[in-house]
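K.L.:
So the protein lines, in turn, are chains V and D.
Following the working numbering, the numbering of the first sequence begins with 1 at its first residue and continues without gaps.
Following the working numbering, the numbering of the second sequence begins with 1 at its first residue and continues without gaps.
In short, the hints are calculated from the structure, not lab data.
In this text the structure is predicted, and so the values were computed from the model without any measurement.
Take the hints with a grain of salt, since some may be wrong.
Pairwise CB distance ranges, derived in the manner of DEER restraints [as the list claims (entries may be wrong)]: (1) D253(D) to A244(V): 24 to 30 Å; (2) S89(V) to A74(D): 22 to 28 Å; (3) K440(D) to L46(V): 21 to 27 Å; (4) G54(D) to L46(V): 50 to 56 Å; (5) L85(V) to K82(D): 44 to 50 Å; (6) L54(V) to Y231(D): 28 to 34 Å; (7) P213(V) to K440(D): 53 to 59 Å; (8) K78(D) to S89(V): 28 to 34 Å; (9) K440(D) to P141(V): 50 to 56 Å; (10) P263(D) to L51(V): 42 to 48 Å; (11) Q267(D) to L54(V): 16 to 22 Å; (12) K78(D) to V55(V): 47 to 53 Å.
Examples of chain V residues toward chain D, derived with CB under 10 Å [what the hints assert, rightly or not]: (13) S62; (14) L149; (15) T243; (16) A254; (17) G257; (18) A284.
Glycine included, C-beta positions come from ideal geometry on N, C-alpha and C.
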Amino acid sequence: MSTLTTPAGTTSGPRASTPGDAGRRRRRRLGTVGHRVLVALLLVYLLAPFLWMLVYSLYPSSALQQAHPDLDPALLTGASYGRLLSDSSFLVPMANSAIVGISTTVVCMVLGSACAYAFARYRFRGRNALLLGMLTVQAIPVIVLAVPLFILLRAFGLYDQLGGLVVTYTAFILPLVVWMLVGFFDEIPPSLERAARIDGCNRLQIMVKIAFPLAAPGLAATAILAFITSWSDFFLAKVLTSTAATTLPVKTAAFQGLFAMDYTSAATAGVITAVPVLVLALVAQKWIIHGLVEGAVKG
Amino acid sequence: MPTPLTRRRLLSLSGLAVGAVALGGCVSANDSSSNGASGAASEGPLKPGSAPTGEITIVDDNTNKLFQASTIAAFEAKTGIKVKSYTQGNFNDLHDRYATLFAAQDSSIDVVMTWAGWSAEFGQAGWLQELDSSAVPADLIKPALDAVSWQGKVYGLPKFSSVQTMFWSKPLFEQAGVDPTKGPESWDEFVSTAKALTTKDRYGYACDIGNAAGAYQNFLRVLLLNGGDMYDADYKPIFNSEQGVQALSNFVDLLQVHKVMDPSSLQISNASDLGDLFAKGRTGMVFNWPFQYAVATAQGSALDASTVGNGLIPGMGVRSASIDGSEGFAVSKFSKNKEAALAWLQFVATGDVQKQIVTQEGWFPVSEPVLTDPASVKALPVLKTYQESTAYATKRWGTPWSSELDQLMSVQIINAMNKKTTPKEALDTLATQTQALVDKYLKR
């Protein structure tokens, strides 16, 4: 049996393991275990509050508000969900939140994607300054703008109106949407668009048929961020609404009184508020994994 | 053709944005230059109108159900004034809503719910309408009136009175070999009773220091119980006096030395949870608001009317003292129908409504005749203790800086309770922080 010898005199093929290799493998194994333990701890840390909220929503408060909480599965009940989901004083804020969240997302994505595409593809004086200026808006504490916003909405007859919230949220979220989408459009090779232009596409067709599909994961992630931001806002909804346009976070907070707290209802409302966000996050994750951008570039 | 975005134009836009932000930032209850304070000076205190008419809008917290259920209809029938809307909001959210509405000089709300801290904060800012003495019923109970006053000016009328008293479980007293017919009358008696009540399954005493307001209330109570006080006549903090330090030390000892305070007290964040704990027999003694009686005697409670003990809170340096939690209504400075709004305030303070506050909701009345009416005591036996408590100090010290003080105090009190700092260090630090707040709000 011959042995191939490299110029350096070492042999090819399986190499006898050395004590150093075993040490490296042990370290790698330890590293993997450590990494998994860390991830597990992080998961517990992140999920524990939500799980405790879920438990609170599913058990009678009398079972939990004692020295040793009674977590007997026989006590599990969905009564509080039934009660809230059949109560119009809860369903209306829920519908309000959905309308405001969806409308804000649609407006932000329509305006933001066109705007971001222009930023990504056109070079003009002040481009970077404008982009930076948009981010600056995000640095302004919302509380500072509460009174001017209130005065503006009242003047336009939009106080305590869903439209008022949509306009307000759009103003706050649109800059972030543009900023994020510019990054995604920048990633698309301009050569693809040049090819489409040679094939006779005009600018609008290039945007709709080339740029947007390729930036789909980015658009989806950004849309979800816009939805979550508007869906879960509490402060602006609190000061810019009264009764007609109350949203879910404001309604949820109302379960706490000065002298009492309805923990079960608050926890149930919390779970109901969190579910759409969780579902959206899961859907987006799947979409992003498809890796449309990579596929397009390879093709 | 679109205007080109030049550097000059960009600078102008930036300047406008910064100006808008600065304008918005100027608005706060602490700044009298940007609110209605100037208007307040020109108008003078509000007097009752001869026959107010029209409609009013009321914003309340969610403590009372009575007004929605029957008071509004009775008010409309008697005065002819229409309540256009009555909305209830979470107490913790109302402050920000009010601040926004007032800063914008909004006239859509005529009547707002208030308490000692907000009466001081919004009253000083010129956002609440000062009332003339002729608008204030003569039979109001003093601590209740304090809830709507600040520095000698009355900004509203109380809707119910609330003072803490001591509740104890007679069955648990009997089990511990303690006389169930009377509660402890001094702090030493209280500590020895709490020790007797403490077993491996439960603690003799529990309280609610789990949130910022709770920490303030629990400290203020022990401070008053030891003969101390929060401020001198010039609002110089004096709670870090010898009495204050001793009072806080005694309170910390309940948890750390005598081990009679339920450790969950540091997490209990509202009086309702404390009430439930007591009603379920998981602690022997609590100091709580009047509604504790209704909770303790409700169906499902381990107690009933015959087994709930009630009396004065035992003092350290004095026989007794307590804290006030009364609430009221105030008229917005920007209301377009102030006389009608005042009519609502006065209607709520009348004997008829106050009797219902006692019988239907279990709160103390704001008027003296209802307080001393035997029918009231029969409906709410705790009233007898309240009558006795009027002989002792009952304060809240609501100030424009109450909300900020609560936050600061919470940190220091919890640190002291957990022995991260000594009571003296905690109170000295707090006194320095409070002095800064006083200087800020009183513009020194």
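K.L.:
Quick one: which hint numbers does this structure break? Sort them smallest to largest.
P.N.:
The structure conflicts with hints 1, 3, 5, 6, 9, 10 and 18, although it agrees with all the remaining ones.
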